[in-house]
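Peer 1: First to last, the protein sequences are chains A and B. Using the numbering used here, the first residue of the first sequence is number 4, and each one after it goes up by one. Using the numbering used here, the first residue of the second sequence is number 246, and each one after it goes up by one.
Treat the hints as calculated values from the structure; they're not laboratory data. Here the structure is a predicted model, which means the values were calculated and not measured. The beta-carbon is built from N, C-alpha and C at its ideal position, and this holds for glycine as well. Check before you lean on any hint, since a few could be wrong.
Covered stretches of chain B (chain A as the covering partner; in silico rule of three or more C-beta atoms under 8 Å from a C-beta of chain A) [said to hold, decoys possible]:
(1) 375-381
(2) 435-449
Only part of the chain A face toward chain B is listed, based on derived beta-carbon distances under 8 Å [claimed, not checked]:
(3) 183
(4) 185
(5) 190
(6) 191
(7) 201
(8) 203
(9) 211
(10) 238
(11) 321
(12) 323
(13) 327
Restricting the straight-line Cα-Cα distance to at most 25 Å, the calculated cross-link-like pairs of lysine to aspartate or glutamate (DMTMM-like) are [what the hints assert, rightly or not]:
(14) B:438 with A:329
(15) B:437 with A:9
(16) B:521 with A:195
(17) B:521 with B:301
(18) B:363 with A:329
(19) B:437 with A:326
(20) B:401 with B:439
(21) B:521 with B:357
(22) B:438 with A:278
(23) B:401 with A:194
(24) B:424 with A:195
(25) B:438 with A:196
(26) B:363 with B:316
(27) B:438 with A:238
(28) B:424 with A:326
(29) B:401 with A:326
(30) B:433 with A:194
(31) B:437 with B:423
(32) B:437 with B:427
(33) B:363 with A:196
(34) B:433 with B:357
(35) B:363 with A:197
(36) B:438 with A:195
(37) B:438 with A:326
(38) B:488 with B:509
(39) B:401 with A:197
(40) B:437 with B:357
Okay, here's what each chain looks like letter by letter:
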Amino acid sequence: MGELIDAFAVALKAGLGFQAVFLALLAIGINVQFGYTGLLNFGQIAFAMLGGYGIAISVSQWGLPFWVGVVVGLLAAVVLALLLGLPTLRLRADYLAIATIAAAEGLRLLFRSVSATPVTNGTRGLSGFNAEFVALAPWDTARRYGILGTQWSGAELWVTAVGWLLVALASLLIWLLVRSPWGRVVKSIREDEDAVRALGKNVYVYKMQALVLGGVLGAFGGMVYALGTASANPDQYQNANTFLAYAALILGGAARVLGPVIGSMLMYFIIQFADTGLRTLIGNGVIPEGLLSATDVAQIRFVLIGLGLMLLLVFRPQGIFGDRREVMLDAR
Amino acid sequence: MPADQTPGQPAAGGAHAASLDPAATGGAPRLLARAALRDVAWEVGVPKPDPAIVVDGVTRSFGGLTAVSVDHLEVQRGGITGLIGPNGAGKTTLFNLLTGFDQPNTGTWSFDGRPLGKLAPHQVARLGVVRTFQLTKALSRLTVLQNMLLGAQGQKGESFWRALVPGTWRAQERANTEKAMELLGRFKLDRKKDDFAGTLSGGQRKLLEMARALMSDPKVVMLDEPMAGVNPALTQSLLGHVKDLREEGMTVVFVEHDMDVVRDISDWVVVMAAGKVIAEGPPQSISQNQAVVDAYLGAHHDAPLTIEEEDRVLAEAEAAIAREQHAEGDVIGSETRREENR
Ligand SMILES: Nc1ncnc2c1ncn2[C@@H]1O[C@H](COP(=O)(O)OP(=O)(O)OP(=O)(O)O)[C@@H](O)[C@H]1O
Ligand SMILES: [Mg+2]
Chain A
4 MGELIDAFAV ALKAGLGFQA VFLALLAIGI NVQFGYTGLL NFGQIAFAML
54 GGYGIAISVS QWGLPFWVGV VVGLLAAVVL ALLLGLPTLR LRADYLAIAT
104 IAAAEGLRLL FRSVSATPVT NGTRGLSGFN AEFVALAPWD TARRYGILGT
154 QWSGAELWVT AVGWLLVALA SLLIWLLVRS PWGRVVKSIR EDEDAVRALG
204 KNVYVYKMQA LVLGGVLGAF GGMVYALGTA SANPDQYQNA NTFLAYAALI
254 LGGAARVLGP VIGSMLMYFI IQFADTGLRT LIGNGVIPEG LLSATDVAQI
304 RFVLIGLGLM LLLVFRPQGI FGDRREVMLD AR
Chain B
246 MPADQTPGQP AAGGAHAASL DPAATGGAPR LLARAALRDV AWEVGVPKPD
296 PAIVVDGVTR SFGGLTAVSV DHLEVQRGGI TGLIGPNGAG KTTLFNLLTG
346 FDQPNTGTWS FDGRPLGKLA PHQVARLGVV RTFQLTKALS RLTVLQNMLL
396 GAQGQKGESF WRALVPGTWR AQERANTEKA MELLGRFKLD RKKDDFAGTL
446 SGGQRKLLEM ARALMSDPKV VMLDEPMAGV NPALTQSLLG HVKDLREEGM
496 TVVFVEHDMD VVRDISDWVV VMAAGKVIAE GPPQSISQNQ AVVDAYLGAH
546 HDAPLTIEEE DRVLAEAEAA IAREQHAEGD VIGSETRREE NR
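Using the sequences and the accompanying hints, generate a full structural model.
Peer 2: Below, the structure written as structure tokens:
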């Protein structure tokens with residue numbers, strides 16, 4: 004029993020940690036694009052990578068101040084959004100999906116390629132760029148802190164706190180936007196863009212704004228991740244993270260302000276709880292070694308997540324926060 | 246029914262009507278359009294006294310099929326123009342071209358003397374030419390009231406940065422909401438205002454789409470089959486609404502298949518067939534027009550089959566099926582069968 008409580012504490016920390024912040028910011032961005040505007044961005048991780056590397060390259064390679072790195076990361080994300088959106092947003096929805104998925108893979112391969120090594124340091128990645136950020140912490144970052152039975156290093160706590168502040172600000176921004184006439188236009192574009200055009204709105208501009216905003220939020224997510232791990236490595240930015248963020252969004256409820264936030268916390272909590280819980284049960288022999296070995300756990304936990312998501316879609320298709328009436332309209 | 250009601254605020258398009266006659270903001274526009282069209286000859290491409298829309302040499306083809314080929318067409322300002330024609334005549338395609346939703350192969354067209362050829366749909370709409378769609382486009386997961394508010398033009402809160410400062414758009418939003426509720430009342434949808442548009446019936450969606458278009462204070466409304474799939478009682482009230490638009494000084498172009506409806510409300514009727522305008526004139530002139538009768542009842546698919554024809558088609562279909570069974574999985578086989586069924 005005590006072991007399960009330990010597993011719970013570990014999972015709680017994962018659900019509150021900077022990884023959850025990372026996922027939440029990706030998912031909030033996807034919520035703007037997909038949940039509200041109906042855009043399919045399947046390469047959100049590319050924006051995160053530009054955010055993380057924006058800081059890493061600026062600080063480690065070019066010796067620029069931390070804040071300049073943040074600006075570089077954000078600008079890179081805006082440029083990527085414009086490059087992806089300009090040719091595709093006038094076309095059918097699937098073109099953006101294809102372009103973004105290709106960009107995510109392409110950029111990662113580019114960053115780890117030999118020719119990019121002078122800038123990105125290839126597969127070995129970059130590190131040592133977060134000292135200036137950590138120094139901003141108002142508490143002693145060398146110490147360890149205990150919160151709700153979980154252990155945190157001072158630096159980790161600082162990244163996480165800043166991360167959740169970002170999540171709160173992003174949620175406030177989205178809340179303001181979606182209850183404004185701007186939000187009404189993008190939601191209408193999601194429903195039927197021709198109807199919106201016929202009423203005199205420049206659909207292209209709104210889609211572009213949504214794509215850029217979502218991309219910038221993704222870049223913030225990537226920055227939190229890079230600062231949290233104190234390193235930037237191309238293979239941290241696998242596109243599987245994009246789909247994990249979609250799953251978190253659907254779990255929490257799309258087109259809800261807090262859907263992606265709660266979804267991401269829960270997602271990491273469940274992944275970690277399944278992981279530690281299963282290991283504990285295997286360790287004390289409740290699950291026989293022949294049925295499941297500790298080495299299988301990493302895979303099995305995602306199978307469990309998939310199963311959970313399927314059950315969710317059957318019994319609660321709107322996610323945790325969604326409006327069932329709204330989701331059921333599609334079935335008519 | 247609303248058809249007999251005096252419209253609440255006849256001045257919505259008043260400035261537009263005033264260009265015709267400054268005194269005529271009341272019940273007169275209808276008579277004005279009728280009177281102005283009385284002396285116009287009943288012939289294709291005839292000039293109108295005060296055209297709002299002028300179309301010149303517009304053609305649009307899809308592959309080998311010429312969907313629209315209109316040499317010259319003028320639409321009288323402040324009148325109700327009915328656009329009729331058999332299925333596939335090119336009515337919707339013409340609407341798409343005029344409102345920027347489709348690009349023609351050749352031709353020019355203008356509104357109030359302003360060429361519209363190069364404009365995107367939203368730019369056309371901002372000039373005051375607003376259309377509805379044959380397949381209704383209700384925004385399902387928005388409420389009825391939100392649907393309406395979307396129609397309002399020049400909204401400050403629709404800009405990204407000002408959206409973040411509610412103070413800049415609250416007052417305008419309130420005014421728009423009032424206007425939307427007034428319109429919803431007229432269209433008997435006010436009690437549905439908080440329902441998702443996706444829960445409305447087909448007829449109610451038609452009403453909503455029309456009311457939403459009116460939120461933009463258009464000068465020209467182009468309605469593509471506004472009565473299709475609407476029950477007869479509701480049709481009567483829709484007709485009333487369309488007539489109200491004319492009383493408010495708007496120019497109305499509408500596509501309709503029901504000749505009784507067309508006769509009832511149009512000041513002028515334009516008949517299309519196979520992409521061309523084949524006749525124009527006041528409603529009573531149309532049923533006597535030989536070209537129109539040919540287009541509808543001639544060798545066209547609208548005409549009912551005779552028994553001999555039916556037998557022939559059946560035999561051909563059976564032969565085709567037999568052929569298809571020999572050439573299994575041959576996609577072309579099923580195509581030819583459909584061709585022969587026509
Ligand atoms: N996007 C398209 N691609 C190919 N052909 C098209 C396209 N749009 C329309 N057409 C063809 O153009 C012709 C005119 O179609 P249109 O929809 O304008 O007819 P319509 O007069 O509105 O008919 P209905 O009364 O049935 O609505 C039809 O033969 C149709 O098949
Ligand atoms: Mg049509």
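Peer 1: Taking the numbered hints from earlier one at a time, note which ones the structure violates and give those numbers from smallest to largest.
Peer 2: 9, 10, 11, 12, 13, 15, 16, 18, 22, 27, 28, 29, 34, 40
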